[in-house]
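Next come the chains, spelled out residue by residue.
Protein chains: 2
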Amino acid sequence: MSDQSSQSNLSSQSKQGFAGHNFIGGQRSAEGSVVLYSRAAASGDALPMPFYQATVAEVDAACHAAAAAFTTFRSMPASQRADFLCAIADELDALGTDFVELVQQETALPAARIMGERGRTSGQMRLFAEVLKRGDFYGARIDLALPDRQPLPRVDLRQCRLGVGPVAVFGASNFPLAFSTAGGDTASALAAGCPVVFKAHSGHMGTAEKVAEAIVRAAEKTAMPAGVFNMVFGSGVGEALVKHPAIQAVGFTGSLHGGRALCDMAAARPQPIPVFAEMSSINPVILMPQALSVRGEKIASELTASVVLGAGQFCTNPGLVLGIRSAEFSAFVDQLTARMADQPVQCMLNSGVLSSYRKGCAVLRQHSGITPLAGEEAPDRCAQPQLFKADVSMLLQGDALLQEEIFGPATIVVEVADHAQLLACLQALHGQLTATLIGEADELAGAADLMTILEQKAGRVLINGYPTGVEVSDAMVHGGPYPATSDARGTSVGTLAIDRFLRPVCYQNCPDALLPAALQNANPLGISRLVNGEQSRRALP
Amino acid sequence: MSDQSSQSNLSSQSKQGFAGHNFIGGQRSAEGSVVLYSRAAASGDALPMPFYQATVAEVDAACHAAAAAFTTFRSMPASQRADFLCAIADELDALGTDFVELVQQETALPAARIMGERGRTSGQMRLFAEVLKRGDFYGARIDLALPDRQPLPRVDLRQCRLGVGPVAVFGASNFPLAFSTAGGDTASALAAGCPVVFKAHSGHMGTAEKVAEAIVRAAEKTAMPAGVFNMVFGSGVGEALVKHPAIQAVGFTGSLHGGRALCDMAAARPQPIPVFAEMSSINPVILMPQALSVRGEKIASELTASVVLGAGQFCTNPGLVLGIRSAEFSAFVDQLTARMADQPVQCMLNSGVLSSYRKGCAVLRQHSGITPLAGEEAPDRCAQPQLFKADVSMLLQGDALLQEEIFGPATIVVEVADHAQLLACLQALHGQLTATLIGEADELAGAADLMTILEQKAGRVLINGYPTGVEVSDAMVHGGPYPATSDARGTSVGTLAIDRFLRPVCYQNCPDALLPAALQNANPLGISRLVNGEQSRRALP
Chain A
1 MSDQSSQSNL
11 SSQSKQGFAG
21 HNFIGGQRSA
31 EGSVVLYSRA
41 AASGDALPMP
51 FYQATVAEVD
61 AACHAAAAAF
71 TTFRSMPASQ
81 RADFLCAIAD
91 ELDALGTDFV
101 ELVQQETALP
111 AARIMGERGR
121 TSGQMRLFAE
131 VLKRGDFYGA
141 RIDLALPDRQ
151 PLPRVDLRQC
161 RLGVGPVAVF
171 GASNFPLAFS
181 TAGGDTASAL
191 AAGCPVVFKA
201 HSGHMGTAEK
211 VAEAIVRAAE
221 KTAMPAGVFN
231 MVFGSGVGEA
241 LVKHPAIQAV
251 GFTGSLHGGR
261 ALCDMAAARP
271 QPIPVFAEMS
281 SINPVILMPQ
291 ALSVRGEKIA
301 SELTASVVLG
311 AGQFCTNPGL
321 VLGIRSAEFS
331 AFVDQLTARM
341 ADQPVQCMLN
351 SGVLSSYRKG
361 CAVLRQHSGI
371 TPLAGEEAPD
381 RCAQPQLFKA
391 DVSMLLQGDA
401 LLQEEIFGPA
411 TIVVEVADHA
421 QLLACLQALH
431 GQLTATLIGE
441 ADELAGAADL
451 MTILEQKAGR
461 VLINGYPTGV
471 EVSDAMVHGG
481 PYPATSDARG
491 TSVGTLAIDR
501 FLRPVCYQNC
511 PDALLPAALQ
521 NANPLGISRL
531 VNGEQSRRAL
541 P
Chain B
1 MSDQSSQSNL
11 SSQSKQGFAG
21 HNFIGGQRSA
31 EGSVVLYSRA
41 AASGDALPMP
51 FYQATVAEVD
61 AACHAAAAAF
71 TTFRSMPASQ
81 RADFLCAIAD
91 ELDALGTDFV
101 ELVQQETALP
111 AARIMGERGR
121 TSGQMRLFAE
131 VLKRGDFYGA
141 RIDLALPDRQ
151 PLPRVDLRQC
161 RLGVGPVAVF
171 GASNFPLAFS
181 TAGGDTASAL
191 AAGCPVVFKA
201 HSGHMGTAEK
211 VAEAIVRAAE
221 KTAMPAGVFN
231 MVFGSGVGEA
241 LVKHPAIQAV
251 GFTGSLHGGR
261 ALCDMAAARP
271 QPIPVFAEMS
281 SINPVILMPQ
291 ALSVRGEKIA
301 SELTASVVLG
311 AGQFCTNPGL
321 VLGIRSAEFS
331 AFVDQLTARM
341 ADQPVQCMLN
351 SGVLSSYRKG
361 CAVLRQHSGI
371 TPLAGEEAPD
381 RCAQPQLFKA
391 DVSMLLQGDA
401 LLQEEIFGPA
411 TIVVEVADHA
421 QLLACLQALH
431 GQLTATLIGE
441 ADELAGAADL
451 MTILEQKAGR
461 VLINGYPTGV
471 EVSDAMVHGG
481 PYPATSDARG
491 TSVGTLAIDR
501 FLRPVCYQNC
511 PDALLPAALQ
521 NANPLGISRL
531 VNGEQSRRAL
541 P
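Residue numbers (UniProt numbering), protein chains in the order written: chain A, 1 to 541; chain B, 1 to 541.
Any given hint could turn out to be false.
On the chain A side, residues computed to face chain B include the following (Cβ under 8 Å) [what the hints assert, rightly or not]:
{"hint": "1", "residue": "Ala267"}
{"hint": "2", "residue": "Ile463"}
{"hint": "3", "residue": "Thr491"}
What the hints contain is simulated information worked out from the structure, not anything from laboratory work.
No residue lacks a Cβ here, since even glycine has one placed at the ideal position from N, Cα and C.
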């Protein structure tokens, strides 16, 4: 995909903002000789727009631009950052039907989904603007001086949280908007006062460019420093980005292999930095007997819809279904099989995703402990929903095959002998984004033992729901123990995501005028603060 | 230090709780053949008590005991954990003069310091008990269902934070109580609901044993699960501990070399885990011209006291003093030189610390850019306070020598040409636990540019104070960018330390009875919760 002849053309154009140029400090730049093309998801054909892979010097320039912007950006009033986020939201909402068509072309996602995802993306920008106004992200704490305390006086101590520095963000293939250029990682990093260097996903570079342009317009309209947002193209640039000394944290959504590689690089830096990688989850769904008895057919229908939604291309796609051996469970498996066999083929995001899906299903098909129940390999560029049944011994013995996410519209049913074996199977699972319990009120009342395991295994525990569909709100956790994410203490969806990019600073005996506004006596921001151990909005004398 | 003959004796004694046995799941165990002895800090002579290095199997048993305790400990009411912490505090306070004498013998610290440190240690246990009662550590958030929302309804979502799992804690040499067996890492991990496996520091194993016994007595009195606290002896056990699959986080206070090694091990695990290592800081002190003019002699006296306090064996010891070239600064350096030259020799914690201090000073002495101003090498087992002056070019060129902590009563003065050069020097510094600005009101009013750099470099910024002496409170941050710590988002002193060992979990559409008490409708804990974006203590219908 390299095109040597482009370089000479570029030298005269590189300042003029042509399509496919990298976004560096408010300028466009295309100094490299490697040219990439997006592909039409439906046909696999290369699209005509060229994208210029960032050179090492361009990655360096993008990181330096972010670092230069940090000093201004971090210390501006949070309300100004909120205005910037709202301006981004407005720019996103104003993108026209040609934009929706471009995203469709690059991802094969239906227009309604793209419109919905756009609304979610601009909505989360506005939600983070609310967080900035609410002010609890500061974590403001004030311990007033106690000059007469015995045996030693206490000096005035005040704490609040500041942005960690420039953040590198790697976009996801499966959410070209909500987990990409202007997605949750970017939104939470910007909210925290951290400039972003975004690495565009090779699967939707045109989409990334349009969104990046929207962000840059918003930055200009709200007078942000030029390097507040930067974007580089290219598949070889991630390593240089993560290893750059200016980068202070990383956000990533993608495969376990890719995420772990970034974690290892970040940990090996002279100055190690945190990586928040959202990676691999099989999202177990546990079906309790009474629920199957009362509404087994409905569950089969709902579960099928969750498995095949968006061609199964969700981090929270239910990949493992557990039930206790019974006539009801057998009937349920038959119903699920029938429904899964009825599902049409679907076009996937790109040929890489499709090929991984097919390989994953083929490996299952060949395993002696696994029985295919529904779905065959589909022809051409399509994915056929597939259902498998695995022997419980595979789970109990920790077979890696059942712990690995198959990205696509497939799921695996496991029948356990009894409640004790169910608990043992859940204990054997690795960390998950979600775990779901489907049961009637009576049986749920006795399910405390299940909850105890599930809340240790997952970032989100659902009762009588399906894990696909992640609300963007204060209480959401889209995270979980490894390998669901690299750090169970974070979430990449919801307002708590901002915490990943903040660090506390304490000011001791500091004159009021030198304190951040969040900590000043008058409480000019009107925020709630922990003063001498009690939450209070009052001004201090 | 190995004693093969002890093994046969041990087999009959290992259940009887003899001194020097490892603490595993409420029992004592000494299955190993390597016997260690503490040394008297003043003489370097081995003390008579034998300590039995934990075998690999014993480390494994300790981790499994912690894991077994976790299920009970994590889910008990926080008020019960608070009772446990208070019981530990009471047991510590009840330790008699023989305990103080033992600590003195092992560390050469004066009795008054040990009594003070014990008060701090029991005080921080009680402070974490208050945190557990206050309940903000839960981070409770509730987004109520919005069944009529368009285009999609919102389901009930509730979030709170749970302990991450068993924590391995490595004690520090320099705080045998406050940063050791029952120190801040242990206190915050236990508060978070995480059982602890503590690795006793080889410098004060007798002290560690007495404190561990106190914790075990408290655990028994408050009916905690047996594995809630475990302690292993031995210098070779750290790796097995950090690599153990049951361990979910690590707390460490010590050298950059040791801390980084643990970080690297933790990052390379099949399941990487977070390490909170507090390592190396030189704690710059910036002296502004007017302050030197008004009270230079007083500052020289106070700074000297801070440098030599406790033989300089503090993480926050001021190791770098910066001032702008002037008659006042020259006079100050003369005063500081005179005072430092006047300081008596001091006994250090152990021969390793003394030897490192001497080596560090010798390297400075040999560097062409450094001029010794006060202090010679002391005879025998003592440390002589020392003062050096370094050429500013060493800082500007990033010479590693000026970035490295010399643990002991030494400090380095650097004279800068002007304010611009001062800013450049501060920019060249690595991450710090503290940074201190000493100035008069007028000059501080114009010091916003200095503050901007200092708050990016350090976890705590002090005005007109000295960094030694770390208050244990809500607003304290004892942390900072690398290499001060391995993760600037944490603190190892103060109540925010609990956050390191918690992770958020979201409950979606969960029946009230299955929710943690912190999230139940009735708000039985009476805590403040973020309900639909607003803090509230009200019960929900």
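Restraint check, 8 Å cut-off on beta carbons, for Ala267 (chain A) near chain B:
With Cβ-Cβ at 4 Å, under 8 Å, it holds.
_Does Ile463 (chain A) hold up as a contact with chain B if the rule is Cβ-Cβ below 8 Å?_
With a closest approach of 5 Å, the Ile463 (chain A) hint holds.
* To do: Mind checking the CB of Thr491 (chain A) against every CB in chain B and telling me if the closest is under 8 Å?
  => Constraint on Thr491 (chain A) satisfied, holds at 6 Å.
Of the hints listed earlier, there is not a single one the structure fails to meet.
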